[in-house]
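**Student:** Quick mapping for you: the protein sequence lines, in order, are chains R and E. For the first sequence, the numbering used here gives the first residue as 813, with consecutive numbering after it. For the second sequence, the numbering used here gives the first residue as 813, with consecutive numbering after it.
For the record, the hints were derived by calculation from the structure and aren't laboratory data.
Pairs involving identical chains hold if they fit within one copy or between any two copies, as the list cannot separate such chains.
DSS-like, lysine-lysine: derived pairs with alpha carbons at most 25 Å apart:
1) K890 - K1111
2) K1111 - K908
3) K924 - K948
4) K937 - K1166
5) K820 - K1171
6) K948 - K937
Here the structure is a predicted model, which means the values were calculated and not measured.
Number of protein chains: 2
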Amino acid sequence: MLTYVFEKNGTPLYEQVYDCLKRDILAGVIRPGEKLPSKRTFASHNGISTITIQNAYDQLISEGYVYTIPKKGYYAAKINDMLRVPKKSRISLDIKVPDVPESYEVDLSSNKMNPDHFPFSVWAKVSRETISNQCKELMEVSPTGGILELREAIADYLKSFRGMLVDPDQIVVGAGTEYLYGLLVQLLGTEKEYCIENPGYKKLVQIYRQYQITCRYARMDDDGITVEGLQASGADIAHISPNHHFPTGITMPANRRYEVLAWANEKEGRYIIEDDYDSEFRPSGKPLPTLISMDACEKVIYMNTFSKSLTPTIRISYMILPTHLANRFYEQLSFYSCTVSNFEQYTLAAFLNKGYFEKHINRMRLYYIRQRKKLIQEIEESKLKDCCEIIENEAGLHFLIKLKTQKPDCEIIDKLQKKGIRIQALSEYFFTNDVEKEHYFIVNYSNIELDKISQACDALYEVIR
Amino acid sequence: MLTYVFEKNGTPLYEQVYDCLKRDILAGVIRPGEKLPSKRTFASHNGISTITIQNAYDQLISEGYVYTIPKKGYYAAKINDMLRVPKKSRISLDIKVPDVPESYEVDLSSNKMNPDHFPFSVWAKVSRETISNQCKELMEVSPTGGILELREAIADYLKSFRGMLVDPDQIVVGAGTEYLYGLLVQLLGTEKEYCIENPGYKKLVQIYRQYQITCRYARMDDDGITVEGLQASGADIAHISPNHHFPTGITMPANRRYEVLAWANEKEGRYIIEDDYDSEFRPSGKPLPTLISMDACEKVIYMNTFSKSLTPTIRISYMILPTHLANRFYEQLSFYSCTVSNFEQYTLAAFLNKGYFEKHINRMRLYYIRQRKKLIQEIEESKLKDCCEIIENEAGLHFLIKLKTQKPDCEIIDKLQKKGIRIQALSEYFFTNDVEKEHYFIVNYSNIELDKISQACDALYEVIR
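In isolation and in its complexed conformation, chain R is listed as follows:
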């Protein structure tokens, strides 16, 4: 007769019985096909109730360790020996999680926003109000494209702030642009080739590569991506940022825009992805008209993100699809759930509708303009003054600086790194080796401390001369 000792250790008795029996069945102590004692015998022998044994047997039956033959009793199942595997006991595995990025004394490579500038208390207030006032809506499943209230708020914002006329049904909300790129690939088809600006944003290639998509590159000139480059690439989809190119900061003028639109119109199935992130922070004048606003032929897909303009810890981006693609999206992809939670969608909708977002953007733009001015002044008052040229290009949160030096970019970067200064060269952003663009460096000023700039200028001067 099976005899076990049970402990008063908080584990329910039936579970202890279950554990003992399972262990013995797995270990072969109870042989495959062996009859188990009846519930009553087992119970009285071990001094516990039959209902406890019943529960343990039921669990073992449902997991397949025990089977019953009606009117005969309970039997141990045949567990194949070969497959009996020891249960892992360790819980710290040999997984190499990426290191936290090194931090620098001065980091001119980071285009992160200073988190102190996020209007946290306002966001918290709006968030609390949303939870209090909209508990019913919060519990209703969001449509695939995002809740209507948020899509309307985005359309209103785009109308007043960007002069864009958008139907809220054109807008698809998602958890970050990276996610939306993936949706777009599914919508436009993986057989398409994508053309990316050269130089350009390397992460795009990483993302598209995940979908087995071939990326092509098109040369930039001073007006942005060239139509000859686009033509030569053979690609069907142009992924560009006409309003604020990274890293050159180039803004595409109207005539080039019309040329790029004409390229898209030349052939069915050609599209332009207009990546407009950061454009809110354009330092001067009113924001530029977007490509999608110039497009009468349903060729432009517009993308923007609040993760950039508010804080990267909020994952809300959106894309605007031309009519036929919006319809295709709903036909083909409406089985997907929206990836942004209702809480954040309603909070952001209220944040936009109450004008807090516009206020935030205006305040930040002024702040960045001042930062930029002071930074340029610091450079112009430093030793570096005669060894560099600043190329402003009206771009968002960075500008280019051309250094008069014979030293290769990589040497400059390495030497600065040893001094605790991180800077990136324009040459790092080229996808091809055929372009000679040495000695241009990118100065991001969204999150730098101005009082460290003169020291950084001195270091830069020492390194290049």
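Once you've looked at the hints, dock chain E against the given chain R.
**Tutor:** Quick look at chain E alone, frame taken from chain R:
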């Protein structure tokens, strides 16, 4: 001389000048290459300040409508006529957004949770506390796999509630399982074929199809997916729900589990995706041991979601990767941002750590057990009693009912629909036509009103006899 009438309508004057000039350049009123008046002349002629004209010209230059020749002046750019496209003015486009699903008097097809059961006030409280106490952490960018605090909380929960030993670094948090399926496809490769349970969850096929993945189907028997079916499918990845199969409700017993693991071990590159959603609500006994806990050979990927156990409006799911896949994930995909916002990640972590989640699950399980009991009682006391057989199968939030009838499933469904009752047949969940499984219907009871059941039973009785 260009003469315009400007209005005091709230639009800044420089923008009015800009608009007039742009319109005339686009319309050809100002010819390509035509010299524009000097700032001073233009200003005095129109009675406005030169700085206003300067701002308008600057904007036009940056958009490419105007160019300057140093020391000569401002000129209208050459905009290609052909490409001049009218700006859209309508904002309601012809987009067919999917209809809101019809609502029924009694809906036995919905496995949605009743939103009233979401512990809203507790969630709101935890959410408020998170915003107040963790504002610093909320502003730090989440690692790709999710914040450590949440991953640790999930590991702790799985240990105490599911008996699973998991390294938090194995856990990848994402905005919904659909998103995580996409990540998995990228991780395992689109050249793989996926095998799905037949009958099974149709959305999986829709999702995998988006990645150009071929889905195969494997026959189920009373113990779940069959190994012969898996072998015959030729697929490398088995996507299964051994703990609670939908729609049959079958639980896979231990010996079949070991067989399925053996199948995975037979060949390199084979994996099992263990989809464990809803398993928290298993009505009786302690939760079943998961397949991943039995797996010593790094073959099982575990998936679960809080969108199912809490509310679909919160988009947080997670997967547990075996060591080598976790490492591959970090090597190959760590450039991705986490798709869940920090606010929700920290709130959920606190919700788990404070025991609220476990309390919620326990309360809901008891509630569902009672619902199920009452529902079965109602059926057994109705006219339907002698024309049906209930197949419980211990599954989460539904059971099967076999109707004794000669009428085809589709006729029964149609007729019921006309009476305001929605029910789904098991036969609708088969991917192939070679299986005869008529007259089994799925009864979801997660969100039904019990007082309408006797009426539904009567209707069902009328329809089938």
